[in-house]
Structure formats: C-alpha cells, structure tokens
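2 protein chains.
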Amino acid sequence: MLDKTMRINYLFDFYQSLLTPKQKNYMFLYYLDDYSLGEIAEQYEVSRQAVYDNIKRTEAMLEEYEEKLGLFSKSQERDQLLKELKKLIGDNSEEISAIIDRLDKME
Amino acid sequence: MLDKTMRINYLFDFYQSLLTPKQKNYMFLYYLDDYSLGEIAEQYEVSRQAVYDNIKRTEAMLEEYEEKLGLFSKSQERDQLLKELKKLIGDNSEEISAIIDRLDKME
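Chain order of the listed sequences is A and B. Here this note's numbering is used: position 53 in the first sequence is 53, and no number is missing along the way. Here this note's numbering is used: position 39 in the second sequence is 39, and no number is missing along the way.
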C-alpha cells in the first residue's frame with residue numbers, strides 16, 4: 001500500500017483538471033510545496049479550519065474519481081505490462097522500443 | 001471527424017461513471033436504444049423539453065470531461081500505437097502477443 005501522501009499526489013496528477021482553481025492551489029501548496037495549513041490560511045486570509053475542510057473534501061473527491069474512472073490503477077497495470085513487454089523484447093528492435101516508450105509516456 | 005452520434009457514444013463509454021443515474025438513463029435510451037425524445041418524456045412523465053435539455057447538458061458535460069481528461073483521444077492514440085506494435089512483432093511470439101492483447105483490452 002502506498003503511503004497516503006504519495007497516493008494523493010498520484011491521484012492529484014490524474015484528476016487535477018477536474019478540480020476548481022482554489023482546490024488546486026490548496027492541494028498544490030499543501031502536498032507539493034509542503035506548506036502547513038496555517039501558512040495556507042494566512043496566505044488566503046481564511047481560517048485554518050476552512051483550508052483543512054477544503055483539502056479533506058478534495059481528497060475525498062480524488063478518491064471518488066479514482067473509484068469511478070480508475071485511471072491511477074489502470075496506469076499501474078499498464079506500466080506493469082509495458083515493463084514485461086520491454087523485458088521480453090529486449091533491445092532487439094529500436095523501432096519496437098520506440099513505440100513502447102511512447103506508450104509508456106502517455107500517462 | 002466522427003459523426004456526432006458515434007462520438008457521443010464513445011464519450012459516454014468513457015465517462016458514464018461520472019453521470020447521474022437519470023442522465024445515464026436518458027442517454028442510454030436516446031443514443032443506444034434509439035428512443036425518441038417524446039418516448040423518453042412519456043416514460044419518465046416529464047416534458048419533451050425537459051428531456052431535451054437534460055440530454056444537451058449531458059452532451060456538453062461529456063465534451064467538457066473529454067477536454068479535461070482526454071481519455072477518448074488518448075485511447076485512440078494508444079490503439080494506433082498498439083496496432084503498429086502488432087504489425088512489427090507479427091505472430092512471432094505468443095507471449096508478447098498476449099501482453100499486447102491485454103493492453104489493447106484495457107480501455
């Protein structure tokens with residue numbers, strides 16, 4: 001099981017386009033820039049509780065999107081398959097490897 | 001360019017989990033079962049206009065999700081790459097072909 005921060009980071013990567021600008025900003029500051037709730041509250045001139053509630057709601061939304069669309073789990077499954085494919089094919093064909101790399105970079 | 005009905009069908013496939021049960025039902029009846037707006041209105045005991053508005057809003061939502069997440073366009077790109085891969089590899093390895101098939105069926 002992934003540690004929670006790491007999992008939220010991945011889910012954020014996949015679903016951030018579905019969040020509001022404010023949700024994105026809070027999540028970005030809290031999870032990627034490692035701001036404290038108090039620092040975010042100060043910057044946005046809102047209460048610490050308001051920031052906390054917003055972030056908790058956003059986390060729940062991210063988990064809900066993952067439950068519905070499963071982009072993160074599909075991407076892990078795909079990565080695993082591509083890894084196996086690479087191992088089987090080896091370095092025998094530049095052309096084939098290039099395609100696998102492009103598939104790998106798609107998400 | 002895909003014909004509109006076909007495109008909406010594809011988008012519905014990818015994003016139906018994000019719709020409400022009512023939206024899903026209307027879309028299903030209209031696009032997959034080929035009911036008329038009047039027939040759906042009768043079945044749900046609402047006005048024809050209400051059904052029409054709901055379906056138009058849902059179509060707009062599907063396009064918005066595609067704009068944000070691009071699952072349909074990514075899936076088309078991936079299909080193309082997997083097709084190329086299959087052509088290059090041919091029927092030389094059952095094991096490799098099995099993995100490509102699994103990748104192909106993922107979405």
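Hint data in this document are derived by calculation from the structure and do not stem from the laboratory. What you are looking at is a predicted structure, and each value in this text was computed from that prediction instead of being measured. Each hint should be verified, as a subset may be incorrect.
Note that the list lumps identical chains together, so a pair holds whenever it fits in one copy or between two copies.
To be verified - Derived PhoX-like pairs (lysine-lysine); straight-line CA-CA distance at most 20 Å:
#1 LYS83 <-> LYS4
#2 LYS68 <-> LYS105
#3 LYS74 <-> LYS24
#4 LYS22 <-> LYS68
#5 LYS86 <-> LYS22
#6 LYS22 <-> LYS87
#7 LYS4 <-> LYS74
#8 LYS56 <-> LYS22
#9 LYS56 <-> LYS86
#10 LYS74 <-> LYS22
#11 LYS86 <-> LYS105
#12 LYS68 <-> LYS86
#13 LYS83 <-> LYS56
#14 LYS56 <-> LYS105
Going through the hints against the structure:
1. With identical chains, the CA atoms of LYS83 and LYS4 are never at most 20 Å apart, being 25 Å at best within one copy and 37 Å at best between copies.
2. For the homomeric pair LYS68 and LYS105, the shortest alpha-carbon distance between copies (18 Å) is at most 20 Å, but the shortest distance inside one copy (23 Å) is not.
3. When the C-alpha separation of LYS74 and LYS24 is checked against a cutoff of 20 Å, the pair qualifies neither within a copy, at 23 Å, nor between copies, at 23 Å.
4. For the identical chains of this complex, LYS22 and LYS68 are inter-copy neighbours only, at 17 Å across copies versus 23 Å inside a copy, given an alpha-carbon limit of 20 Å.
5. Taking identical chains as interchangeable, the C-alpha atoms of LYS86 and LYS22 are never at most 20 Å apart, the minima being 41 Å within one chain and 44 Å between chains.
6. In this assembly of identical chains, the alpha carbons of LYS22 and LYS87 never lie at most 20 Å apart, being 43 Å within a copy and 47 Å across copies at closest.
7. In the homo-oligomer, the alpha carbons of LYS4 and LYS74 lie at most 20 Å apart inside one protomer (19 Å), although the nearest pairing across protomers, at 28 Å, exceeds that limit.
8. For the homomeric pair LYS56 and LYS22, the shortest alpha-carbon distance inside one copy (13 Å) is at most 20 Å, but the shortest distance between copies (28 Å) is not.
9. In this assembly of identical chains, LYS56 and LYS86 lie within 20 Å of each other by CA distance neither inside one copy nor across copies; the values are 39 Å within and 45 Å between.
10. In the homo-oligomer, the alpha carbons of LYS74 and LYS22 never lie at most 20 Å apart, since the shortest distance is 28 Å inside one protomer and 27 Å across protomers.
11. Taking the shortest alpha-carbon separations for LYS86 and LYS105, both the intra-copy value of 14 Å and the inter-copy value of 19 Å come in at or below 20 Å.
12. Neither within a single protomer nor between protomers do LYS68 and LYS86 lie at most 20 Å apart by alpha-carbon distance, with minima of 30 Å and 30 Å respectively.
13. For the identical chains of this complex, LYS83 and LYS56 are neighbours neither inside a copy (35 Å) nor across copies (42 Å), given an alpha-carbon limit of 20 Å.
14. Neither within a single protomer nor between protomers do LYS56 and LYS105 lie at most 20 Å apart by alpha-carbon distance, with minima of 30 Å and 35 Å respectively.
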